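Asker: Residue numbers (this note's numbering), protein chains in the order written: chain A, 1 to 437; chain B, 438 to 871.
Certain hints may be false.
Unchecked claim - Computed beta-carbon distance windows for the label pairs:
#1 A/ALA262 / B/VAL512: 28 to 36 Å
#2 B/SER837 / A/HIS406: 50 to 58 Å
#3 A/ALA390 / B/MET768: 57 to 65 Å
#4 A/TRP92 / B/VAL695: 27 to 35 Å
Derived from the structure by calculation, the hints contain no laboratory data.
All figures in this text were calculated on a predicted structure; none of them were measured in a lab.
We put the CB at the ideal spot given by N, CA and C, even for glycine.
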Amino acid sequence: MTLAISMLDILLLGDWNTRVVVIGTAMLGIAAGVVGTFLVLRKRALLGDTVSHAMLPGVVAAFLVIQAFGGGGKSLIGLLIGAAIAGTAAAWAIPVLRRSTGLKDDAIMGIVLGGGFGLGIALLGVAQSLPGGNQAGLESFIYGRTASMVQADAIVIGVTAFITLIIAAVIGKEFRLLCFDESFGRAIGRREGLLDMGLMLLAVAVTVVGLQAVGLILVIALLIIPAVAARFWTDNFVRMVILAGVIGAVACWIGSSISAMAPKLPAGSIIVLTLTALFAISLVCGTKRGALQRLVRSVGLRARTGRQHLLRSVAEVMELNSTSTWSAKDILPMRSWSHARVRALHRAGLRRGDIRRDGSEFELTAAGRVAADRVLRNHRLWELFLIRHADIAASHVDRDADFVEHILGEDLVIDLERTLAGEPDTHQSPHPLRSGA
Amino acid sequence: MTLEYDGWIMVIGVLAAACCAVPGSWLVVRGMGMMGDAISHAVLPGIAIGFLVSGSRSGGWMFVGAAVSGILAAVLTQLVHRWGRVERGAAMGLVFTAFFSLGLLLIVQTADSVDLDANCVLYGAIELAPLDTFALGGLEVPRIVVPLVIVLALNVLASAIFYKEILATSFDPELATAQGFAAKWVHYGLMVLTAATCVACFEAVGSIITVALLVAPAATALLLTRSMKWVIVWSIVLGAIAAVSGHLAAITVPGWIVGGGLDTSSAGMMAVAASVLFLSAAIVSPGRGVLARRWRARRDGQRIAIEDVLGLLFRLEERALSTDQDAVENMLRSDVRIGPKRLSGVLGRIRRGLLARVEEGKWALTEAGRSEARGLVRAHRLWETYLAGRANIPSSHLHSAAERLEHVSDPGIAKDLAAAVGDQDEDPHGRPIP
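Here chain A stands alone, though its shape is the one from the complex:
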């Protein structure tokens, strides 16, 4: 009970200190979601990871410099400037190394990431063996430690996130062009190198302020996951950007709230796991590309294709045998389908009212007759079109038409009829339906 109350208290920002932390990280979540969308659409996700790892030497070097000049070594701004310098250097080094060695991106990123982090660890070793001993806070940049965040930190995060958002809004149109039509952008004089560098700087800014909250290993999740999750809900670019910002903010809010409840729940981990949960939900339930929605659609398509296959086979059997009834075993040789499939299709046909049962024989209903004629007609129209206009041999058109006939729309059929004008209403099949027929 008390747990529930304290949870509610934290989620609703009752406590002043948590309020600061939660609002700060939520701002960060918005900025990360927005910038991450550009990063993901530009296929630069792992570049962000490399840059964030390579920030460690910057942080520690800044600490050493501040220490050497007699500062407390705890100046957050100073450390963040160090991180920003190192991150920018890494972002700059990757294309330079790629051009000068001709190696692939992944190898270059691995080296910059591993080498940069190694340098950071080595510098950290030096910092830790120095007398003075107030370097303990440095490690919080690796794992993130929202609990130690104070009001001033939250203000730094909030202001940076806000500035990043404004910049993103101002040049969002250019980025969008870069993401979707790079060559057009180049043709109208946009400099993609400059824009890419601008994007990297924005990512560096978000990463730098994210270090405090989630740490440099996990900050990349804040950039990638909201954007990837948002993609499952919308095809519209602007909506995707907004949604990514919202997802980032919600995850940061929930994550830092939960982490504030108990001492052994690192905020970075909780935030990332919350994001992962949101991603999983989007992956399954997303309305644009979600797994469920795709499943429903493919089941529907399969049912429609099955019905059309049955109707066409029936029409062909009736045409061959000049009868108006058929039995399941007549249909079986028409396609490579199993007994069970043929039975299932007949059951579906009975349910839909396309066909009627008459003992062991079946016959088409009036509605079924119309539908079967239309399917057969579409198939043969397309076959004729392929033979006349696409130079495909008559022996090959059946298979090709089989793929296409199910998605021929009303307009397309009218077009086909116009192209093939002067043909009889229901065409003869342009190839023998049965050898010797």
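Could you slot chain B onto chain A? The hints should help.
Answerer: Quick look at chain B alone, frame taken from chain A:
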């Protein structure tokens, strides 16, 4: 610091580097360097769970856990990529951060009761490794050597036995699949090896330094050789060099800079040393280094400039035009490929090479220069004739194309061109082919 202590650290470092070099080479040539990063992060929950189950760092449970979570991460990445149609890099980043945060959470949950902390996983504890030993035939051997040797043997054996399969699937997956090598299983096999390597190495050098040891020596080796076998051998050697020099640097360099016998993390310095080796190779590698390529570009530029000058002199002589020193130099000064800055150097080289000389204020080709120039102009006009006849290039564009091709045409090509052109003795502009 004793010889034995530092010696063992270097042995452990060399073993870890060699361990990483083998799967690392394959990852790099397959363009999957960042998969090493993803797996080295993703093994964390497996390590944590294995550790919780067995309660010790020596058991096989940790290996099993790490291998399972490494593979799981690889499979999930593939699923998110395929099903969710998420770009592969983003899918990778998504899966590994989720795994890593889960592992971090598990470790922090148990941090008070057990002896495994996140720092050790992230950047290793190579300094403590030589202290934890067991007796082997009278010798005190660090315990950590055992898993490293086993995984190294596994990596080398697997690469040797399945060399052909991995090679085929790395460079031409479609062909390999058509020939009956299952590219998918090779992929997952490699992921298993990488996961085993990550878990063997994490205790020594930590999971992120492992990324550097996986990728950097292999990438360096690719700059030095193009044969896959040598890439593997070189990356083992380079990894070993990085490990030894990294440790030596860790115990000396901070002392030089700050003073007072200060030292730092050996694992970190090993990663730095591996990167320094890479940078050095990128600069001085004889085949693909920046310096070598600059030098070749410079040499080619100079040769082309000399050839352009000779060609100009030949054409002037051919049309019996003035080869006045000032006039020629003015013409060359406005030539884009020579320009005023390089002019005197190029002319000096021509004089020293006895290809042309100045007589009474006029340039004149020597016999050697004339024969070279004739070859060049011949190649140029043959190309123009050929391109006009065979490639349907409009006559206004012939010159610039031939201008480039003439410099890369050896006598063999000229002979082939002459055969292709037939018995024409004039180029499309009506000039004789010499």
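Asker: The structure should be examined with respect to each hint, and the outcome stated for every one.
Answerer: Evaluation of the provided hints:
no.: 1; hint: A/ALA262 / B/VAL512: 28 to 36 Å; result: holds (32 Å)
no.: 2; hint: B/SER837 / A/HIS406: 50 to 58 Å; result: holds (53 Å)
no.: 3; hint: A/ALA390 / B/MET768: 57 to 65 Å; result: holds (58 Å)
no.: 4; hint: A/TRP92 / B/VAL695: 27 to 35 Å; result: holds (28 Å)
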